[in-house]
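Protein chains in written order, with the numbering used here: chain U, 3 to 54; chain G, 452 to 941.
What the hints contain is simulated information worked out from the structure, not anything from laboratory work.
Incorrect hints may appear among the rest.
Stated by the list, open to error - Restraint-style ranges between C-beta atoms, simulated for each label pair:
1) Ala40(U) to Leu544(G): 27 to 33 Å
2) Leu749(G) to Asp43(U): 50 to 56 Å
3) Thr717(G) to Asp43(U): 23 to 29 Å
4) Phe8(U) to Arg571(G): 45 to 51 Å
5) Asp43(U) to Lys905(G): 53 to 59 Å
Unchecked claim - Pulled a few chain U residues facing chain G out of the computed Cβ check, cut under 8 Å:
6) Trp7
7) Trp10
8) Val17
9) Ser21
10) Thr24
11) Lys30
12) Ile35
13) Leu42
The beta carbon of each residue, even a glycine, is placed where N, CA and C say it ideally should be.
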Amino acid sequence: MPNHWFWWAMTIACVVWYSTITVYVAIKGAKDIKNMLARLDATRKEDDARLN
Amino acid sequence: MTNFNWLLDGSIVGLYLLVTMIAGLWVRKYVGKVETFLVAGREMDVYLGIASLAATEFGIVTCMYTAQNGYEKGFAGATPGILMALAMAAVGLTGFVIKPLRDSGVITIPELLEQKFGQRIRWAAGVVIVLGGLLNMGVFLRTGGQFLVLVAGLDVRYLEIMMTALLVGVAVYTILGGMLSVLVTDFLQFVVMSVGLILVTILILMNVGWEKLVTTVETNYGAGGFNPFVNPTMGWQYVLFNLMLNTAAVLTWQTIIARVLAAKDTQTGRRVYTGTAFFFVCRFLIPGIWGIAALATLGPVANTLEAMPTYLSTAVPAGLMGILVAAMLAADMSTDSSYMLTWCSVIYNDILAPLRKRPWSERKGLFWNRTIIALIGIFLLLYGLWYPLKGDLWTYLGVTGTIYLASISVLLIACCYWRKANSWGAGASIVVSAVIPVTYLVMEQLPSTAALAKSIGPYYSGIATYLLSGAAMILGSLLKPQSRVEGRTA
Numbered sequence: 003m004p005n006h007w008f009w010w011a012m013t014i015a016c017v018v019w020y021s022t023i024t025v026y027v028a029i030k031g032a033k034d035i036k037n038m039l040a041r042l043d044a045t046r047k048e049d050d051a052r053l054n
Numbered sequence: 452m453t454n455f456n457w458l459l460d461g462s463i464v465g466l467y468l469l470v471t472m473i474a475g476l477w478v479r480k481y482v483g484k485v486e487t488f489l490v491a492g493r494e495m496d497v498y499l500g501i502a503s504l505a506a507t508e509f510g511i512v513t514c515m516y517t518a519q520n521g522y523e524k525g526f527a528g529a530t531p532g533i534l535m536a537l538a539m540a541a542v543g544l545t546g547f548v549i550k551p552l553r554d555s556g557v558i559t560i561p562e563l564l565e566q567k568f569g570q571r572i573r574w575a576a577g578v579v580i581v582l583g584g585l586l587n588m589g590v591f592l593r594t595g596g597q598f599l600v601l602v603a604g605l606d607v608r609y610l611e612i613m614m615t616a617l618l619v620g621v622a623v624y625t626i627l628g629g630m631l632s633v634l635v636t637d638f639l640q641f642v643v644m645s646v647g648l649i650l651v652t653i654l655i656l657m658n659v660g661w662e663k664l665v666t667t668v669e670t671n672y673g674a675g676g677f678n679p680f681v682n683p684t685m686g687w688q689y690v691l692f693n694l695m696l697n698t699a700a701v702l703t704w705q706t707i708i709a710r711v712l713a714a715k716d717t718q719t720g721r722r723v724y725t726g727t728a729f730f731f732v733c734r735f736l737i738p739g740i741w742g743i744a745a746l747a748t749l750g751p752v753a754n755t756l757e758a759m760p761t762y763l764s765t766a767v768p769a770g771l772m773g774i775l776v777a778a779m780l781a782a783d784m785s786t787d788s789s790y791m792l793t794w795c796s797v798i799y800n801d802i803l804a805p806l807r808k809r810p811w812s813e814r815k816g817l818f819w820n821r822t823i824i825a826l827i828g829i830f831l832l833l834y835g836l837w838y839p840l841k842g843d844l845w846t847y848l849g850v851t852g853t854i855y856l857a858s859i860s861v862l863l864i865a866c867c868y869w870r871k872a873n874s875w876g877a878g879a880s881i882v883v884s885a886v887i888p889v890t891y892l893v894m895e896q897l898p899s900t901a902a903l904a905k906s907i908g909p910y911y912s913g914i915a916t917y918l919l920s921g922a923a924m925i926l927g928s929l930l931k932p933q934s935r936v937e938g939r940t941a
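The shape of chain U in the complex, shown without the other chains (with noise of 0.2 Å):
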């Protein structure tokens, strides 16, 4: 174990926590972009045929 183990514990911990919530989250944001936009223009849609 190298000195200070802590704070080395915690780097290793950043790059790999981080390299991880990266890939992760790139795939499963795109998603809720995708489905966010979907209910976005449905409620516009709506909006619109009730004006109309």
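Following the hints, complete the assembly by docking chain G onto the known chain U.
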């Protein structure tokens, strides 16, 4: 001398900017209502929320002050990040404050405060939030420009032009697309920013090496470089001030809370918090390691804020340099856009509320929101150009942030959980938490009082602000009998 290659790295940066602008402008067609403009129609889900929150809370300014902390304090400089991660995880797991806030369906914090403390307190809270927020954001542009000029090896005379160009680009898509553009560009910016941060950190760990980083900190700071409690520039007062500051930020910093308010439900907002918590350790430790690497490589420098970008300008090879600059631009643009939108939402929703006796049309509302964002951009340019930063950047941000964090966190907790809290207590709390930090900032700038300000220090001044703000709420509320109107719980 820099490794930035205008053809290779410039192309990477140009491609990033093009894609971001297209994405930011593309979603503007979905914006037809003020609610969609300010909180994305409350349709944000967990992973988009995590990406947006992480991207918003990491700008070039963050990278600069956390690297400065690493350079000046060693690993112990990452202490605020650990404290913030703990606070965010605790709030996300328990739902403390954020649950009643999101359940209430408000757009901004002052809107909720009105339900408990009345219209005047809503207005005053809005002013304090905008004042603290804009003063805080005022240094973002200059610091961002400084980084880009140093890393890309540009003439320092171009700093103002860089700042203006950065801001105009961000303002265009924020003005047109509001929170929707902010969320979508934040997502892209999170990915680009994260790739750059991870690659540069791995490069540094491989090239400089863990042993050299540790030895550098030991040589320069001894045990204080690893333990904040024994560091002569930190101590218990630094830890306590940062614990208060970061807990208050997690509860009330409007750019963070905006993600909870834009979430599709309360549970989603809480999951965004728990999912993003550990990012705040990375936010301090990763640039902190860059700062330590700068100390190990450059040795002592006159301007510690510039040490990290100066080091990176020659340590990062061409190609990766383009990714680094794109990552930092991404970090900065996501922060600027979110901050401009957030302060705009408070100005429109709360400060201008007395002018809207009758509800404005959606068209008029959108027009005013866009105008306010443009005005905030102009203010930032002017303020960023003339304010001379003294002391370290993190402390400046902490002191200006405390102007509103102290009172608004006290007001919000009291609003949600203390039945006897009333407008007297709220008013007293706002005044106390604004007067102490502003007085400290003024004293720091005046030659006649600068020495006294230095002897008090920002940490004791900050701790006093939080404690006295809480005391003012309790005393003020107990002094005035509770009225029936104010007795309503939020």
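Now the hints, each set against the structure:
{"no.": "1", "hint": "Ala40(U) to Leu544(G): 27 to 33 Å", "result": "holds, 31 Å"}
{"no.": "2", "hint": "Leu749(G) to Asp43(U): 50 to 56 Å", "result": "holds, 53 Å"}
{"no.": "3", "hint": "Thr717(G) to Asp43(U): 23 to 29 Å", "result": "holds, 25 Å"}
{"no.": "4", "hint": "Phe8(U) to Arg571(G): 45 to 51 Å", "result": "holds, 49 Å"}
{"no.": "5", "hint": "Asp43(U) to Lys905(G): 53 to 59 Å", "result": "holds, 57 Å"}
{"no.": "6", "hint": "Trp7", "result": "violated, 11 Å"}
{"no.": "7", "hint": "Trp10", "result": "holds, 7 Å"}
{"no.": "8", "hint": "Val17", "result": "holds, 6 Å"}
{"no.": "9", "hint": "Ser21", "result": "holds, 5 Å"}
{"no.": "10", "hint": "Thr24", "result": "holds, 4 Å"}
{"no.": "11", "hint": "Lys30", "result": "holds, 4 Å"}
{"no.": "12", "hint": "Ile35", "result": "holds, 6 Å"}
{"no.": "13", "hint": "Leu42", "result": "holds, 5 Å"}
Hint violations for this structure: number 6 only, all remaining hints satisfied.
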